[in-house]
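**Student:** Residue-level listing of the chains:
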Amino acid sequence: MDKNRYYHSVTLDKDLCRGCTNCISNCPTEAIRVRDGKAVIITERCIDCGECIRTCPSHAKKAVSDPLDIIEKYDYKVAIPAPSFYGQFRDIPGPEYILSALLEVGFDDVYEVARAAEIVSIATRDLLKSDKYPKPLISSSCPAVVRLIQVKFPALIEHVIKIQSPMELAARIVKKFIHKDKKNIGVFFISPCPAKVTAVRSPIGDHESWVDGVIAAKDIYLPLRSAIKKIEKPVRYSNSSGLGVGWGVSDGEGEAVGAPRSITVDGIHQVIKVLEQIESENIDDIDFIEAMACPGGCVGGIMNVENTFIARSSVKNLVKKNTNPFISGDILKRPGFDLNWTHEIYSKPIMKLDEDIRVAMKMMEKLEEINSSLPGLDCGSCGAPTCRALAEDIVRGYADESDCIFILKDEIRKVARQMAQLEKKMPSAGLVPKNDDKIKKS
Amino acid sequence: MNLNYSLPGNDMSVAGIASSSLKKNLMQLGVAPAIVKKAVISLYEAEINMVIHGGGGIVDIEITPEAVTAVLTDHGPGIPDITLAMQEGYSTASDLIREMGFGAGMGLPNIKKNSDYLDIKSIPGVETIVTIKVKLGQDK
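Just so you know, the protein sequences line up as chains A and B, in that order. To convert, note that position 193 of the first sequence is 193 in this note's numbering; the numbers rise steadily by one, no gaps. Offset between the second sequence (1-based) and this note's numbering: plus 1000.
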């Protein structure tokens, strides 16, 4: 796979798209346009948050993940379920039923991402104690938020916590320590969200992901549910603490990190509001920010099955019940173990109109001029999310002023008026049919 | 190019509209993130000041390839002693404003720190004009 190509897990099924404009107005990075009656995703802008999948009434937006049978390519198969996955099943006594059932559906072993989340929590506590990093530190566990920062908040990149996500860390622990002797081993993340698929196929902060496949929670749900029903006595028990499991819901990471001055924000549009305030230093007495693209945290991910609020309450109950201390942190002391990202993270300036500021300024003057001539209704009928976005598309050469139905209507009215005037000007002589025709024909 | 805004007084919910739209414009112009941040912070502080102390006013922004210049004009009570106002920790903010987490006396010093030029002209009771300039283009 070409790692340099920017991969997206959020895609569009053109046949299902009806060209309505629900997705464009909800996209946090204005990455969608409707052109020729179909939605088009502007790849450089898309952050794979899945907001369009949530809003599309025709189910034309899809999240691409790996099929269940991808595991067959490997001799030794390890499942790493997300903490949010524990909230997907009702009426089970505990997560041990999920872990045991994973062994029934084809996996050879299971490692809980919740355990890796404990380690990340401990490492984050250490970072918070250090003065080396600008506060507030922003969690990097939600890949959609990291990409949002890259495209929209480049000045905040230095605030992002540059350590492995619990998913990546879990895969490393499995491959480097637990099963380092196994040949042809495959590690598969059971995922609530499409952004994790992207994070694996074109990783941020690292060359290559250690995860071999990302399986959507909804794709494994049914086989797993029937396997759970058949389990009489679980063969696997959950080793993670409640705080690790809590990462599956919003506030869970914040609780586990335990920074005294921390805030949690969920829902991508709310995240944007908070990041804007941090950028203008309006919020400056906070040490840690847990920011999640999905409402409710990872349980709100669009590749889940269970209702977000039920899943949230299930996970929270697990956290309450499970007061085990962190036991996975010792791994931090192992030699050769490094949690830090190996790669710099760069801004992706999608907003930039031109490389040359003088050219950009001319374009922007034109943009503002066009914008002021548009109706300002942000109706979306032109296919752009806002009037200003249309003005931007026009100066970039992707759209035309007559794409605005109000301007088009105006132009039609003008033409109609001209036609009416022309009609009045018709020479009266010409209105009488010529008798010549008959003469000529006969 | 020019941007103009009018801010009503004592309404904290509108303070910030000029700086956040300035941010969008500067990013579209491809200005380096660090400089955008400086400009946004300076203007945001000045907007807050104008809304809290000046009873609102107008913001005129001029962007050239070399610099962004913001001129904030209000007709509030004015600043009798500008040198004193520039001192960190000095504030005339009311208790109510302080309760809201503002009025720590860091506004003007913060603007000075983040901008390349700051000029305040005030005739108490008549008019206060704050001019802020942030150079673009360097540190690229």
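Hints are not guaranteed to be accurate.
[Said to hold, decoys possible] Simulated crosslink set (DSBU-like; lysine-lysine; CA at most 35 Å straight-line):
hint, chain 1, residue 1, chain 2, residue 2
1, B, K1024, A, K162
2, A, K132, A, K62
3, A, K352, B, K1133
4, B, K1121, A, K348
5, A, K183, A, K73
6, A, K135, B, K1133
7, A, K129, A, K414
8, B, K1024, A, K135
[To be verified] Here's a subset of chain A near chain B, in silico, CB distances under 10 Å, partners left out:
hint, residue
9, E306
10, E355
11, M361
Everything labelled a hint here was simulated from the structure, so no lab data went into it. We treat Cβ as the ideally placed atom computed from N, Cα and C, and that holds for glycine.
**Student:** Hints first: check each against the structure and report whether it holds.
**Tutor:** Taking the hints in turn, this is what the structure says about them:
The suggested pairing of K1024 (chain B) with K162 (chain A) holds, with an alpha-carbon distance near 26 Å, which does not exceed 35 Å. For a cut-off of 35 Å, the pair hint linking K132 (chain A) to K62 (chain A) is broken: about 41 Å separates their Cα positions. About 22 Å separates the Cα atoms of K352 (chain A) and K1133 (chain B), which keeps this hinted pair within 35 Å; it holds. In summary, the hint linking K1121 (chain B) to K348 (chain A) is not supported, as the alpha carbons are separated by about 40 Å, beyond the 35 Å threshold.
Note on K183 (chain A) and K73 (chain A): the hinted pairing holds, with a Cα-Cα distance of about 12 Å set against a maximum of 35 Å. In summary, the hint linking K135 (chain A) to K1133 (chain B) is supported, as the alpha carbons are separated by about 27 Å, within the 35 Å threshold. Restraint check: the Cα-Cα separation between K129 (chain A) and K414 (chain A) comes to about 68 Å, which exceeds 35 Å; the hinted pair is violated. Between the alpha carbons of K1024 (chain B) and K135 (chain A) the distance comes to roughly 23 Å, so the proposed pair stays at or under 35 Å and holds.
With 10 Å as the threshold, the beta carbon of E306 (chain A) stays out of range of chain B, its nearest partner Cβ sitting at about 37 Å, so the hint is violated. A least Cβ separation of about 7 Å between E355 (chain A) and chain B falls short of the 10 Å threshold, and the interface hint therefore holds. The interface hint given for M361 (chain A) holds, since its Cβ lies 6 Å from the closest Cβ of chain B, which is under the 10 Å cut-off.
Consistency with the previously given hints fails for numbers 2, 4, 7 and 9, ordered from lowest to highest.
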